[in-house]
Amino acid sequence: MSALLLVPGLLLVLAMGVAPLLAMALIGFWSVDEMVLVPDLSARAWLEAAGSATILGLLGRALLYGSATVLLCALLGYPIALAMSRLPPLLKGAATVVLLTPLYVGEIARIYAWRILLGVNGPINWVLVESGLLDEPTRVLLYTPVSTLLALVYNNLPFMTLAIWIAAERVDLRLVEAARDLGGRPFAAFRRVTLPLTSPGLLAGALATFALAAGDQLTPALLGGTSGSTAMSMIDSLFGVAFDWPLAAATAWLLLILLLGVALLVLLLTARLPATRIVLGGGR
Amino acid sequence: MRSGRRLLLPAVAVLYLPIAVLVLFSFNDAEVMALPLSGFTLRWYAALRANEAFLAGLLTSFRIAVPVGLLAAGLGLLTALGLRGAASGLRALVLLLLLAIFLVPKSVLAIGQAMLLQLAGLSRGYWALVLAQATAFLPFTTLLVGAAVLRLDRRLEEAARDLGASPLVTLRMVTLPLLAPAILAAFSAGMILSLADATLARQLAGPVQPLSLVVASAFQRELRPDLNAMQTVLLAVTFLVLGLGLARRHRRRRAARPAPVEPDHAARRPGPRRSAGSIAGRC
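As given, the protein sequences belong to chains A and B, one line each in that order. Here the first sequence is numbered in this note's numbering, starting from 45 and rising by one per residue. Here the second sequence is numbered in this note's numbering, starting from 3 and rising by one per residue.
Misleading hints may appear alongside valid ones.
[Said to hold, decoys possible] Cβ-Cβ distance ranges computed for the label pairs, FRET-style:
(1) B/226 - A/281: 50 to 56 Å
(2) A/269 - B/246: 37 to 43 Å
(3) B/16 - A/183: 21 to 27 Å
Simulated from the structure, these hints should not be mistaken for lab results. C-beta: ideal position from N, C-alpha, C; glycine also.
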């Protein structure tokens, strides 16, 4: 009975989520003849995408940006999430609003703001020069991989922090206290108790952050300058400018397969880690 | 532990830094956005009132955001309620699909949707964008409503049924009023995410020009303080939507506090007329 309630949402997801992705996989096998799509069964696009040094390089770059973002977001988000989990209840509500605010600001507005901040004459350079840290404004901040990475970390930090925070909320603080009472130093208590117990949140945050950062198109394109071309911008121009739909579709699917592959790899590598840690740490 | 809390202040500062800069320079009396500030002005806002592209874009954004919010919140509600009683296999399938929608890059999804629409002979534009955004934001709204569904005290619904209320009446008098804050939150989230989106709009808007696209095409050429004013107005609108939702939620939570405090009392005297009536009376 209640399964009927699922039908409308499921229909929308199938029509506007699953069908487009399947259509792309199919179009990857089609061919193009003088700007006209021909329904076909050709491996041309897949072979071209998988054999092109440019495309593989861009996929590698997506991997790199994704991993760097995950790493930085985890390092920054973990202490924030832990501190948030120890706030009094009243402040927790406020902290959620503060944390989610950047998500609610338009993606274009965020990118635009970073452009102002990081520019040669921007506020950050002004502060660096006025405080005597730099003799003259630096140009490494804008239209370089630095600006892309900064904005990617900013965009994704709320997701990572939220995921870790939810896990940290469930940690029984008495376990940490017990570890300390039994003579564990703060760091040992953290490594043996808090970290294993929050690792599911860390993992969920890492998977989400990786996919979101590796698939971002606007941020690198508008902030990265010459370094800003990504697999996504390549797919976009193949689709919109070159009208090579099969190659665009095949490249998009290679990106999806890459994302899925990394997610599965990470899951496989870490699946037993927290459990083993808890078992070994507790057994000793 | 206190050192941990001290860390939150710089974190807040960094999270708000870009927003602060946007707002700050929208009131700065200079063409060039550089420190030190040159003085206070409202002229960038005055310029906005004459800017027809901005006004049209803002209106278009709202014409898209409101149905997206309604659709995403409505379907999120149905999905969240449906998941509660679904068989575990179906449940896993739906959750997996929603997770996939969340994780697939929105730009990939948007290009796929654009390809499919064109193959099906449908044009891009208003409805294409509304449906695409509702799909992309469904995971968020389902999560928001689903969290409230999980917290729902099922005894209240059972009590209503025991006292002879039909499933539909129970839904209308008990379940929906209890879920109202979450549904409202899902609606604002869908609306705000729609206002914030540029990725889906780029591929699917066709001739329709929401504000995010107007701004994107303007600022690819240059940075202008009136663009800051534009963003600041949109931010103010966003916070208004957010603030209204939060205030309502807060009021409801305070009004509803006595009920969950005495679960014993509620269990002993499961008066659906009392709880459902008083809750319905409050909305």
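In ascending order, which of the hints set out earlier in this document are inconsistent with the structure? Hint 1 alone not satisfied by this model.
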